[in-house]
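Chains A, B and C are the protein sequences, given in the same order.
Per the working numbering, the first sequence starts with residue 3, numbered consecutively.
Per the working numbering, the second sequence starts with residue 3, numbered consecutively.
Per the working numbering, the third sequence starts with residue 3, numbered consecutively.
Take these hints with a grain of salt, some might be off.
All copies of an identical chain are treated as equivalent in the list; a pair is satisfied when it fits inside any one copy or across any two copies.
Simulated pairs of lysine to any residue, SDA-like, Cα-Cα distance not exceeding 20 Å [said to hold, decoys possible]:
1. 18 - 164
2. 100 - 22
3. 100 - 38
4. 50 - 145
5. 100 - 9
6. 100 - 49
7. 18 - 154
8. 18 - 143
9. 18 - 38
10. 144 - 158
Derived by calculation from the structure, the hints in this document are not laboratory data.
Here the structure is a predicted model, which means the values were calculated and not measured.
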Amino acid sequence: MSYQANHLCLIAENVKLGEDVRIRGFVNLYGCTIGNGVRLGTFVEIQKGAIIGNNCKIQSHTFICEGVTLEDEVFVGHGVTFTNDRFPRATNEEGLPKNDNEWTCETTLVKRGASIGSGVTLLCGITIGERAIIGAGSVVTKDVPPGAIVAGNPARLIRTQTKGVNAGSIS
Amino acid sequence: MSYQANHLCLIAENVKLGEDVRIRGFVNLYGCTIGNGVRLGTFVEIQKGAIIGNNCKIQSHTFICEGVTLEDEVFVGHGVTFTNDRFPRATNEEGLPKNDNEWTCETTLVKRGASIGSGVTLLCGITIGERAIIGAGSVVTKDVPPGAIVAGNPARLIRTQTKGVNAGSIS
Amino acid sequence: MSYQANHLCLIAENVKLGEDVRIRGFVNLYGCTIGNGVRLGTFVEIQKGAIIGNNCKIQSHTFICEGVTLEDEVFVGHGVTFTNDRFPRATNEEGLPKNDNEWTCETTLVKRGASIGSGVTLLCGITIGERAIIGAGSVVTKDVPPGAIVAGNPARLIRTQTKGVNAGSIS
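Just need the whole structure built from these sequences, with the hints factored in.
Below, the structure written as structure tokens:
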């Protein structure tokens, strides 16, 4: 295991870090798995149970929660927020703070090579298809097909990339 | 007063912290009042004059400004941004940086048990009703009635919770 | 050069800081130019090559990337995200992490006295006109004329300020 981290990070001992991971300052990681060649920007938090594939790039101010899996080569822009609780409440029916058994963690899967633009919010329980592109500032409320380009609130299909899901460019 | 804070926080001496407050890393608090049993996520800032009720949960990357009051049991998701200045400008008519007397702080009230989804932006001068739910990624531009579920930019009524504003679930 | 910084900042030696700059905690600056009288909020990152004019105010949780120029007296709210890459990908066609020569940085210009509301995302390659106002939570996809007030996703013209682009108020 080797990695390069700037100052002022909180990286818990239970984090599984791959080779050649680059981490900017003010990063908070705990209980997550980070693949080889991953680059993490400033002010990023990744929670326990999240899995980040090889060669992903995660930009500043982004939050990746429990229940999220990024396959390899995924781009996540700045200020992106994942979610995992469809009906969040601070307290249970007795008015006491909810504990870990009083909510359901829903999963989100981002397939290989997808790009999630900056400022995007993703609802939970969805799959983002291979090499799909989510436009900046979108709110994603449902599955995104492979190779699709979506944008808006809620995000809607703009077009599908014509070179196919394995192409290197999106013309 | 007792609280548990991780490393790398800036908590000013003028913060009023209740009992059993849990604070994650990289939190910036000054001049605010935090109730009992409150949980604060990573990269949260709460400004002077803000009031956080008992058993509220405030998630990572969220900003709560002067003029905001959360009643008890409020949930605030990740990356939520409150505002308090309807016409912000960097400078006054002379082109000099505005001072504290050159703008009007507008208030926002979030009533008991409301839930504000992740990635939400709230305009100022509004009230979020008891147990209302703001969908993730919404932009809230006006009052939200008690028990309402709203979403979108601008946020619009999706439906009203049928079990009433005091119910524990939202079916 | 003089400035006042709170604790827990990362300010690289290659940052050009003007006179009387005020910097809150948890700020990450590198390779950028910051004018006189600028105020920077908590959790702000400003990248190399970005230029911030005199007397600008940049609020918490905001990201300003390479390629962005703010003229004098610009207001940038909380949680604002600029962008500079129209087609971001984590990796090149060989599946290897992109290097600095494998993407095109697009520029964004914010003219004198403009105000960008909190929670705004800006696509790249655009110009925000003098004293324009971007409503909170907007997604800006194209140029904004001088004196215009725009809002929404995508941001659309709400009205034009009647006192002209040099007026101190927006009535």
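Hints, verified against the model:
For a Cα distance limit of 20 Å, the shortest separation of residue 18 from residue 164 qualifies neither inside one copy, at 37 Å, nor across copies, at 45 Å. Taking the closest pair of Cα atoms, residue 100 and residue 22 come within 20 Å of each other only across two copies (14 Å); inside a single copy the shortest separation is 38 Å, beyond that limit. Taking the shortest alpha-carbon separations for residue 100 and residue 38, only the inter-copy value of 14 Å comes in at or below 20 Å, while the best intra-copy value is 35 Å. Proximity of residue 50 and residue 145 under a CA criterion of 20 Å is satisfied in neither setting, with 24 Å inside one chain copy and 36 Å between copies.
In the homo-oligomer, the alpha carbons of residue 100 and residue 9 never lie at most 20 Å apart, since the shortest distance is 34 Å inside one protomer and 24 Å across protomers. When the C-alpha separation of residue 100 and residue 49 is checked against a cutoff of 20 Å, the pair qualifies only within one copy, where the shortest distance is 18 Å, while the shortest distance between copies is 26 Å. Taking CA atoms no more than 20 Å apart as the test, residue 18 paired with residue 154 passes in neither setting, with 35 Å inside one copy and 37 Å between copies. Proximity of residue 18 to residue 143 under the C-alpha cut-off of 20 Å is found in neither arrangement, the shortest distances being 30 Å within a copy and 38 Å between copies.
Only within a single protomer do residue 18 and residue 38 lie at most 20 Å apart by alpha-carbon distance; the minimum there is 10 Å, versus 35 Å between protomers. In the homo-oligomer, the alpha carbons of residue 144 and residue 158 lie at most 20 Å apart both inside one protomer (10 Å) and across protomers (19 Å), since each shortest distance falls under that limit.
The structure shown violates the earlier hints numbered 1, 4, 5, 7 and 8.
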